[in-house]
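Once you've looked at the hints, dock chain B against the given chain A.
Residue numbers (my numbering), protein chains in the order written: chain A, 1 to 457; chain B, 1 to 457.
To be clear, the hints were calculated from the coordinates, so they are not data collected in a lab. A couple of the hints might just be wrong.
Copies of the same chain are indistinguishable here, so a pair counts whether it falls within one copy or spans any two.
Said to hold, decoys possible - Below are the DSS-like pairs computed for lysine-lysine, each with C-alpha atoms no more than 30 Å apart in a straight line:
id, residue 1, residue 2
1, K136, K314
2, K274, K20
3, K274, K236
4, K234, K320
5, K234, K390
There are 2 protein chains.
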Amino acid sequence: MSELLAYIESNGDRFVEELKAFLRIPSISADSGYNAETRRAAEYVADEARRIGLEHVQIIDTPGHPVVYADWLHAEGSPTVLIYGHYDVQPPDPLDLWTSPPFEPTVRGDSIYARGSIDDKGQVHMHLKSIEAWMKTAGRLPVNVKIIIEGEEEVGSPNLPPFLAAHRDLLACDAVMISDTTMYDYEMPSVTYGLRGLAYFELHVVGPDRDLHSGMFGGAVANPINALCDLIAKMKDENGRVQLPGFYDDVVDVSPEERAELARLPYDVEDFKKLLTIPETVGEAGYTDLERLWARPTLDVCGIWGGYQGEGAKTVLPSKAGAKVSMRLVAHQDYRTVGDQLRAFVAANMPPGCTVDVVELHGGPPALTPTDSVPVRAALAALEQAFGIKPFLIRSGGSIPIVADFDAQLGAPVVLMGFGLPDQNAHSPDEKMNLPNYHRGIKSAALFLEQMSRAGQ
Amino acid sequence: MSELLAYIESNGDRFVEELKAFLRIPSISADSGYNAETRRAAEYVADEARRIGLEHVQIIDTPGHPVVYADWLHAEGSPTVLIYGHYDVQPPDPLDLWTSPPFEPTVRGDSIYARGSIDDKGQVHMHLKSIEAWMKTAGRLPVNVKIIIEGEEEVGSPNLPPFLAAHRDLLACDAVMISDTTMYDYEMPSVTYGLRGLAYFELHVVGPDRDLHSGMFGGAVANPINALCDLIAKMKDENGRVQLPGFYDDVVDVSPEERAELARLPYDVEDFKKLLTIPETVGEAGYTDLERLWARPTLDVCGIWGGYQGEGAKTVLPSKAGAKVSMRLVAHQDYRTVGDQLRAFVAANMPPGCTVDVVELHGGPPALTPTDSVPVRAALAALEQAFGIKPFLIRSGGSIPIVADFDAQLGAPVVLMGFGLPDQNAHSPDEKMNLPNYHRGIKSAALFLEQMSRAGQ
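Next up, chain A with everything else stripped away, as it sits in the complex (with noise of 0.2 Å):
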């Protein structure tokens, strides 16, 4: 181990310049006029594959970008691990609020500033040159290895579902490890084990056939504005819990366990309120705001219109109104199910005299990895190790919808070790990456192999 690690230290600036040619490339997958920019980053990341001594090297055609899969299967006995990541980049713009070009990497302070240098480039390659220190260290990787690294995560994944379909025979493994995701803060080093999953839908709500005038018809016919507010207040009660019939019957409570861990991370209610200029939080009653933004389901209402939004006095009774109804789900909630509460809930409130049609919009399932499955606890054992400190479970609010894909379609357990931090400016001008993280992320990258082989003896 002690070989392993002295490696990795010793090697470290070579891997920072390594990594800069990876970061030139402007792998940016929304724009069709980079595509073969975008395919050379594939190549570079296969090239970079066989270098390390990976096998079965392929650059596999989807509809959009290719995916690369590579692997290494000699850890006969031993559990295997499957590494996603993706090479692909958020455009640039506005290129004027970059202090170095998006695409010349360059090293200020104790970060390194490009596009694509925290989200995903920087995490691929600590895994990347993880391997590279296993290989020429040991000879050997301690388990069973494959990756697969997509050119299409900036633009949501699109063919990776069916990707993930039709190749799970290749794809067959025991975990599945992302670095995509972002510690708590500084010197926190974190495992996500949870994700919101998103059920997405717009109302739309019909009055008169056309607009009237407020005076002569407002008292006696439904205003569809008044109808909708009426609706969509009727949709959570004053404790903040969502009234759709059966919401949270397939959801997983916080457990006095998970209550206890995520107690332990510094919340600061004072420094969350200035961040936002907020006079206070909210939320469901009975639950800390972490509690709330990762463990809870919500409800929000994303866009709202109606009647006349112009400047004076319009007196109108409006024909119609609509808005667009959010739902974040955990762990059991299908957004499928969902969708059929939403409109049981509708078909019970419906406003008289107005119609009301649900239109189904998107949806993505949550995610929940169990804290003490194997992948989770390799995880936390090498960020221990690899930081000196003792690592923090955490979840996120937001969604990454292939997480449960991968679950889905592998039927293997997600572990999300990610090293971004909060102030990285991902998807922003001046992206960066802390570099002390970068050589910590590929120590933990490289012990977490080593942690899987035990778990699986």
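Structure of chain B alone, referenced to chain A:
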């Protein structure tokens, strides 16, 4: 009396020809390109006033279009009636939807088609011709009469309230007669004794200081759209009662007599539902639809906005939301008091985690003339004589702010004796006036003066 009515009958065709000259003037007050024409209409009224024997004829300038004043004040000991009307018209667009050009008055069937035919030149003309008939047959009027015919009604009468305030002595009177409303239906002559007022506000709800990611922040940060919907929903209870504190304190409730009178009016809910393509009517519990439309206050949201209104599923927790909230008021609600009530309601129901601003956009007082007042009784008697039909007492759900201004500035009861019909396209292409009603309107106007003279004795 028979001579008076005979004169009106035998001169009917000439009256229509004279009216056409008035209708040919494109006195579009909203369009300053027509200012010369608008002034020409004022001059037409002044010339006509002189011709029929009115005195003190003046075209009084205002910051906008002028007001025509004239009087005849030789009925010593008799009441003074102030007749109000307007010589300006709505813009005629869209021109291609007119069967005959808007300023080429054309008789087709029982109607005369032209912009301003019913709103309001035709009805102003009825009063002028009734005065002519009195002067030609009796050489005098049975009461004192003052007329003010303004040129800005179609742009909201911005200069009329200060005009009234500045000319209280000149305009002093015992009753105000306005013919600018409609009858309930064909062959249903009507006196309108009540109008609703208006209190119109904008609500601005602010949550976090920028749009947030609904996954990262949803659950612990107040959503201003949800908060706005809650606030709006709370403004009415399940019985359709407005929940602002003290909202009904000043409301004159529908008396049993009024209820019986309104129940006399034909109203078919099935026709009403079909007209608007609505599944049912709604409204305040305990009141009929007509009562809800005319005699009860309302709260309608005329517009709402917030967050993402485009296509698809943007997962945003928005920073802001807003709505336009309009309340129709009934006597004796004061729109300023209602503003205080709304602010008190918002303060008492301030959604947690947000701030709410209330912006006043518009206010106008309701009007209610006692149905046993002299001018209402006189108008009912005059209509019954002229039409040979027992007339109806009705209200309107809309607002004519100047009606309350007359009441407030001159302290005289206002009676609305209108001869429009629901299908006469006021403000729309093919505006028309029913000619039999025009002739009966002249008789009604003449008989109203006679009735007023009796009431004064």
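Here's how the hints hold up against the structure:
1. Proximity of K136 to K314 under the C-alpha cut-off of 30 Å is found in neither arrangement, the shortest distances being 75 Å within a copy and 46 Å between copies.
2. Taking the closest pair of Cα atoms, K274 and K20 never come within 30 Å of each other, the shortest separation being 37 Å inside a single copy and 70 Å across copies.
3. Taking CA atoms no more than 30 Å apart as the test, K274 paired with K236 passes inside one copy only; the shortest distance there is 26 Å, against 34 Å between copies.
4. Proximity of K234 to K320 under the C-alpha cut-off of 30 Å is found in both arrangements, the shortest distances being 19 Å within a copy and 21 Å between copies.
5. Within a single copy, K234 and K390 get their C-alpha atoms no closer than 44 Å, and across copies no closer than 49 Å, so neither meets the 30 Å cut-off.
Hint compliance for this structure: hints 1, 2 and 5 are broken, all remaining hints hold.
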